[in-house]
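Undergrad: Single-letter residue listing:
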Amino acid sequence: MLKTNRDVGIVGYGCYVPRFRIKTSEMARVWGKDVESVPIKEKSVPGNDEDAVTIGIEAARNALQMASLDARKLRAVWAGSESKPYAVKPSSTIIAEAIGATPEIEAADWEFACKAGTEAMQACFGFVGSGMAEYAMALGIDTAQGRPADHLEYTAAAGGASYIIGPAEDSLAILEASYSYVTDTPDFFRRQHMHYPEHGNRFTGAPAYFNHTLNAANALMKQLGKTPNDYDLAVFHQPNTKFPLEAAKNLGFSTEKVVPGLVIPYIGNTYSGSCLIGLAATLDVAPPGSRILCVSYGSGAGSDAFSFIVTDKIGRRDNVLKVKDYVEQRCEIDYATYSRFRRKFRM
Amino acid sequence: MVAVIGYGFTRISEHWDKSLRELACESIQAALMNANMEKPEALFVGNMSGATVSGQQHLGALIADWCGFSGIEAYAIEAADASGAAAFRSAFLAVASGFIDTAIVCGVEQMTDVLPDYMTFATSLGSDYDYEVSCGITQTSLFALIARMYMQEFGAMREDLGMFAINSHRNAVANPFAIYRKEINIDTLLKSPMACDPLSVFDCSPVCDGSASVVLCSEKALNTQRAVRVIGSSVATDTMMIATRKDPLHLQSANDSAKRAYAMAKKKPEDIGLFELFDAYTILAAMQLEACGFANRGEGYLLARNNEIGIRGKIPICTMGGLKARGNPIGATGVYQIAEVAQQLLGEAGKNQVTCTTGMAQSIGGPGSTAVTHILEAV
Amino acid sequence: MEISRNWRLRHQRYRLLASKCACGTIHFPPRTICHACGKKSMKQFNLSGIGKILSFAPVTSAPLGFEDYIPYFVALIRLDEGVLIEAQLADCDNPETGMRVEMVTRKWREQGERGMIVYGYKFRPLLVKS
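Chains as they are written, first to last, in our numbering: chain A, 1 to 347; chain B, 348 to 726; chain C, 727 to 856.
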């Protein structure tokens with residue numbers, strides 16, 4: 001269990017989901033797949049002028065607005081992504097510059113597949129919790145690449161969230177403790193210069209997602225002396241609808257505790273953004289005093305687990321657009337427009 | 348006293364077979380023959396896109412060389428779309444100063460050597476690169492923004508603005524140098540594809556190749572009766588971007604330049620018998636008429652609607668086809684305009700002849716960031 | 727490939743850095759010399775990014791470098807501080823004069839496959855909180 005030297009928490013958070021949606025039935029139509037066999041209803045698609053950086057900038061601005069914080073008070077901007085626009089040049093510096101946090105700032109991009117954002121968040125808790133910084137920002141941002149016709153194409157989506165970590169006295173959700181469980185498990189990866197990732201199909205289940213998610217969740221709860229009954233809400237990584245619900249069941253969480261954070265049916269899997277957007281959606285409705293378990297998963301593989309208690313400062317969430325505001329502004333596109341936006345045409 | 352004693356044109360067209368220097372040479376030879384002159388003391392070149400389209404600057408030296416006058420004073424002047432007129436202004440100042448007795452102004456443009464996307468880039472050099480070109484704003488879209496506001500505020504319809512294009516096409520029929528010599532009707536315009544809503548392709552002048560030259564001389568060097576006097580000459584600027592203007596629907600540069608030219612010529616708008624205005628876009632024609640005192644703010648389009656702009660109208664404009672139909676070879680256009688005023692005042696305009704003794708030409712650079720006005724009078 | 731030039735303009739592009747003269751005139755882009763009074767007493771600040779559409783126009787013929795992005799709208803926007811700005815619209819299929827808009831940071835263009843990604847301001851219809 002990871003405990004900070006001083007009490008810390010989430011001071012503000014924000015998200016962003018692009019407005020375009022493509023229905024999985026439309027994708028199935030093009031590839032002749034049975035509509036009944038495709039997961040989820042639709043996923044978000046970034047517009048042709050959007051990328052992980054632009055997603056991060058808006059999420060970060062929302063978080064700052066929620067926290068009513070001057071960006072110059074941040075001492076780190078750490079963005080996690082597996083779709084950085086530059087292979088070499090940190091998205092974090094562009095985001096930091098755009099929000100006005102430079103030049104007295106730590107900045108670097110993090111990569112751990114879908115848990116890059118929570119990895120950055122762990123680091124922020126450590127940075128602030130050690131006393132080195134008052135405020136630090138973590139982001140999980142992605143415009144995931146889906147190979148045409150591959151089953152992951154149905155869920156690979158775009159979106160992101162930003163979390164500002166600060167002192168507990170200033171927090172809308174205080175961190176009780178966190179934990180990390182990591183092994184070298186190659187369930188899903190992408191070689192450099194390759195455009196689309198490879199995935200291990202059924203190997204991504206038990207030895208990967210479930211092994212790390214369940215171990216991280218159980219270890220954190222045990223070391224905190226808590227059980228699922230002590231938690232009002234839980235958020236898990238959402239590569240599809242099945243996995244988080246199965247993880248919840250396996251751990252002993254009732255479905256209604258998980259539903260507020262389940263965003264994949266509406267926007268797809270936003271990869272580094274997935275768990276963090278799920279957490280945002282949960283915080284958007286969590287009453288003060290509620291306890292939340294958040295367990296991410298990143299292929300490669302590992303899980304970060306966090307235990308939060310929501311404070312009475314949670315009312316700040318009304319200062320900015322919520323997850324559902326972004327979910328609701330949807331603009332449906334067809335496969336041709338989707339292919340154009342995702343640069344699948346050779347021009 | 349500065350006189351215009353000759354002019355020469357190339358046809359305006361897509362000159363696949365003629366380079367920048369060849370076009371210039373052609374109009375210069377025609378102008379010198381027209382002026383009965385062998386070689387001028389100085390050459391002023393008006394050009395906007397030599398560098399981008401032809402990879403060629405230093406046009407003064409190049410063209411002087413190519414015309415067989417190496418040795419004379421020669422250089423190019425640039426003011427975006429008003430380059431040709433600005434070159435004329437420089438020549439006027441040189442001759443008026445007494446330092447130069449004979450000068451030739453050559454406006455030349457070769458645009459069609461590059462493909463349309465690069466051509467658009469070349470023509471966008473009159474806009475603000477850092478704040479307009481770099482975020483995808485084109486010159487046509489700037490005029491479309493203005494047109495929409497103008498139409499909303501003053502009640503002008505597409506048909507009204509379209510009348511400017513119809514007038515220009517009608518006048519170009521009798522002009523052998525024009526690129527388009529066919530009339531159009533309002534239906535054609537209204538049904539034509541949009542260049543940038545609310546401006547259709549017929550509301551925008553064609554970019555093409557051509558060269559026009561004009562010969563000027565001082566009183567001292569004047570030895571002919573066939574001459575026209577330059578009685579007004581002025582340049583004024585306004586902000587680069589329409590966003591920084593107090594009134595985006597008013598061409599302050601055109602207003603200032605016209606006022607100074609009128610004062611210098613001791614003339615008023617009522618004294619102007621014809622106006623070669625810069626109908627790069629129909630909306631620009633309407634606004635220029637207002638800025639130069641021929642209509643109140645917001646009423647310029649009424650002159651077109653009420654048929655007052657034709658050869659027999661109250662204020663004939665674009666008498667040889669204007670930018671829309673005679674053509675708009677950007678850096679050359681200003682010289683075409685001034686030459687056409689001279690042609691008219693000399694009584695050499697044939698079917699399009701306007702009976703008058705005073706004529707005005709005005710060129711606009713960018714979205715009204717530069718205005719160059721000249722007033723000529725028959726001797 | 728333009729590097730230093732884009733870097734030089736980053737504050738204007740990311741945060742609408744503007745200047746305000748002692749005489750009260752606000753300039754965007756920011757200036758050192760006031761074009762209203764001619765003086766040099768400027769303070770720099772970031773505009774709010776909220777405003778309304780004064781005029782708009784659809785660009786359907788791509789200028790060089792913008793082939794991936796057509797069709798898009800350009801607009802003249804009156805920001806709440808009073809200053810006008812020319813910019814592209816974002817996320818707006820049916821602009822209307824008078825529509826309230828807010829600044830977002832989006833990709834303006836990429837300088838080819840190897841060059842810089844240029845980010846800057848666009849304006850989208852104001853998203854309302856539920």
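Please note that the accuracy of each hint is not assured.
Calculated cross-link-like contacts (lysine-lysine; reagent style BS3-like; alpha-carbon spacing at most 27 Å) [to be verified]:
#1 B:K661 with B:K606
#2 C:K855 with A:K322
#3 A:K41 with C:K855
#4 C:K778 with B:K593
#5 B:K593 with C:K765
#6 A:K242 with A:K313
Quick caveat, the hints were computed from the structure, so don't treat them as lab data.
Undergrad: State for each hint whether it applies.
TA: Going down the list of hints, with the structure as the test:
1. B:K661 with B:K606: holds (20 Å)
2. C:K855 with A:K322: holds (7 Å)
3. A:K41 with C:K855: Distance ~25 Å between K41 of chain A and K855 of chain C Cα, so the pair holds.
4. C:K778 with B:K593: holds (17 Å)
5. B:K593 with C:K765: Given pair K593 of chain B, K765 of chain C holds - Cα atoms ~18 Å apart, limit 27 Å.
6. A:K242 with A:K313: Outside the cut-off at roughly 33 Å; violated.
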